[in-house]
Amino acid sequence: MEEKIVAIVGNPNTGKTTIFNALTGSRQKIGNWPGVTVEKKEGYYIYKNIKFNVIDLPGTYTLTGESEDQKIAIDFLIQNKSDILIVVANGLNLERSLYFLILLRELHKNIIVDLNMVDLAEKEGINYDLLHLEKLLKVKFVKTVGNKNIGIENLKEEIYKRCKEPTSEFFIFNYGEEIEKSISEIIDIIKEFNLSYPKRFLALKILEKDEYFINLINFENYKKINDLIVKLEKFFNKPIERVLIEKRYGIIHGIVKETLIGRKKELKIEITEKVDKILTNNFSGPLIFFLIMFLIFDLIFVFGGPLENFLELILEKLKNFFVKSDLSVWIISLINDGIISGVGSVILFLPKIFLFFFLFSILEDTGYIARAAIVADRLMHKIGLHGKSAIPSILGFGCNVPAIMGTRILEGKKDKILTSISIPFMSCSARLPVYLLFTSIFFKENQGIIIFSLYLFGIIVGILSIKIFGSVFLKEESLPLIIELPPFRIPYWKNILIETWTRTKYFLKKAGTIIFVGALVLWLLSYFPDPNNYGGESNFIGRLGSFISPIFKFSGFGFWQAGVALIFGIYAKELVVGTFGTLFGFENLSNTLSIYFSPISAYAFMIMSLLYMPCLATFLVLKREIGIKWTLISLFWSLFIGWLFSVIFYQTFTFLTGG
Amino acid sequence: MTKIKRLSEVKEGKYKVIDILKPGKLKKLSNIGILIGDIIEVIKSGPGPVIIKNKNTTIGIGYGIAMDIIVEKME
Ligand SMILES: Nc1nc2c(ncn2[C@@H]2O[C@H](COP(=O)(O)OP(=O)(O)O)[C@@H](O)[C@H]2O)c(=O)[nH]1
Ligand SMILES: [Mg+2]
Chain E
0 MEEKIVAIVG NPNTGKTTIF NALTGSRQKI GNWPGVTVEK KEGYYIYKNI KFNVIDLPGT
60 YTLTGESEDQ KIAIDFLIQN KSDILIVVAN GLNLERSLYF LILLRELHKN IIVDLNMVDL
120 AEKEGINYDL LHLEKLLKVK FVKTVGNKNI GIENLKEEIY KRCKEPTSEF FIFNYGEEIE
180 KSISEIIDII KEFNLSYPKR FLALKILEKD EYFINLINFE NYKKINDLIV KLEKFFNKPI
240 ERVLIEKRYG IIHGIVKETL IGRKKELKIE ITEKVDKILT NNFSGPLIFF LIMFLIFDLI
300 FVFGGPLENF LELILEKLKN FFVKSDLSVW IISLINDGII SGVGSVILFL PKIFLFFFLF
360 SILEDTGYIA RAAIVADRLM HKIGLHGKSA IPSILGFGCN VPAIMGTRIL EGKKDKILTS
420 ISIPFMSCSA RLPVYLLFTS IFFKENQGII IFSLYLFGII VGILSIKIFG SVFLKEESLP
480 LIIELPPFRI PYWKNILIET WTRTKYFLKK AGTIIFVGAL VLWLLSYFPD PNNYGGESNF
540 IGRLGSFISP IFKFSGFGFW QAGVALIFGI YAKELVVGTF GTLFGFENLS NTLSIYFSPI
600 SAYAFMIMSL LYMPCLATFL VLKREIGIKW TLISLFWSLF IGWLFSVIFY QTFTFLTGG
Chain R
0 MTKIKRLSEV KEGKYKVIDI LKPGKLKKLS NIGILIGDII EVIKSGPGPV IIKNKNTTIG
60 IGYGIAMDII VEKME
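Listed in order, the protein sequences are those of chains E and R.
Residue 658, in numbering that gives the first Met the number 0, is where the first sequence stops; the numbers in between run on with no holes.
Residue 74, in numbering that gives the first Met the number 0, is where the second sequence stops; the numbers in between run on with no holes.
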């Protein structure tokens, strides 16, 4: 079948993803752009026997990229990888969309403008004469209402037509005599370079002092061009960038005025404004922010907990089924202790991950996330991060896995890496059983305070890690915040369901395959060479435990059982408790533990459990999100700092108590 | 008393953008639709990010950028 590539571009919040969803339905997948960690969304649909592969590009306002995701969109656009571009424009703010369109028109021929949100525009009395717009800008316009599926068939038809008969005409925007003269001269100078961009586009970019393009031509040439620029700036008495911007907007204002039908009313968004004042106020803003985060947190547990228990029950039933079967003992152990326990530990994350993405999509679709970024910006700036980083970080207290996946909302590479590295130090719910077990034995009187201190300790180590890695390894500056606050909207269920489903599916696929191997290895180590003593000292894992236990002598828990528990904790941190149960017997667990541990070494052990290496599932998503190098750095860092702090704690308090 | 101030220092109210100090920031802001000469309304003032309304869109601007936007109070 014939295939065509359709790319969807436009400013943020114009409805690109909604249009993408409307075109492709659920026939889509997400992945990563090669070499970087920005999400890539692809899907397809079939229309009149042609398969249209659709790509949802990250939103951008311009062709000069700053953040990682914008660079992707821009690279894609500059390299002209698609057969046709759909520029999604916001019917409520046509000026800015046209600005982007004009920039694009110098680069691309085959474009359709999708004038979206016409329902909102019409409500405000805004309507445009499309035929006139088409004539002025020499490009096809299609009206749509993305979330009501209006105009989508028409859009498909136009895409089809345009693919069958692409236009061959560039749109020449006239910048006036002086500038046009310079453009021709620059084109003359750069003629010799055999670059794949349209010459006029390149000339304009160089005139605009865009570094990326200046670097493509040699210095001698740039000197000549620079003379031209100096002359022009003298003539206009302004920086040339500003002249170009004003020329473009000048023409756009003209076009909009000419094609606007009906009276444009001053928009009544006073309610939004009032709500915004409350949501972002320096006092009520943080309060509401934490309230909402708490609510999400709570909902994930209220609904995720029972679902998780339910899944656990199924896994338990499954294990029982195999125990009762007449397979040989080692196969049963392989299936139950290895595969079901291992793969199951990941599957058990599913309800929470699903819920997180679900709730998060709702917040995103209503427009709250942009406000949250504003609120958190002040605080996060002090740590050296972008305001949006606060959102995934807080969710790390629920579960590190979705939290790290949530760093996808961050634009800058630095923010993303630093946030991801700090998240594993947030006490996720799986650490709680460990805390509960030990505090109930050793700190009966002040269990709450002790547990709280561990949460706090994790935050401090997280901030410490950000500071250290931020200043030593990632010198580049955090991106300054400029963010559009979209009007509040009622969430569109289709967007939310598709978003949630695609992301959950992605997690399952990635985690499922790798964990299978990990589970197998851990099982082999626990089962051999003494099959009767699963996980015991006589098996490889026990020997490994004995082998590593001397390192923990200085932290007060240098016995092999602790080593084995920590190794199993790699699966999922709550397994630390289960392992002690298996090794010491569940009946006398508290008594046995109080023989092995003192309150001080128990606290040191909790510090270790909190800090040392992320669990397997976290490890996997880390690798997906920030790459293997940073994942390994994070891994060794966490092992080191966990060990270091448990030693420092144990030694200090042993010394202080004269012990 | 002068009416010309940095956007990061002003209170809520209507202002006219009279200059944007760094060319890089000028480009960035014009891409999102904020131009010299625009009349803007400050919805949330500093410290911290400033929120403004400009031509029917609401935009949050980090403190660092707001410092380089020079505005004049409108009556
Ligand atoms: N009223 C209205 N809302 C829309 C329309 N298209 C999209 N939306 C909503 O606008 C918001 C942003 O859409 P989204 O597709 O995420 O924008 P993107 O950032 O460009 O991908 C969502 O809440 C959509 O439900 C439309 O035509 N009319
Ligand atoms: Mg989108």
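One or more hints might be untrue.
[Unchecked claim] Here are a few chain E residues that face chain R, going by a calculated C-beta distance under 7 Å:
1) PRO238
2) ILE373
3) ILE481
Calculated from the structure, these hints are not laboratory results.
Using N, Cα and C, we set each Cβ at its ideal position, and we do this for glycine too.
Now the hints, each set against the structure:
1. Because the closest C-beta pair between PRO238 (chain E) and chain R is about 5 Å apart, less than 7 Å, the hint holds.
2. The criterion of a C-beta within 7 Å of any C-beta in chain R is met by ILE373 (chain E), whose closest approach is roughly 5 Å, and the hint holds.
3. Taking 7 Å as the C-beta contact cut-off toward chain R, the hint placing ILE481 (chain E) at the interface holds, the least distance being around 6 Å.
No hint from the list above goes unmet by this structure.
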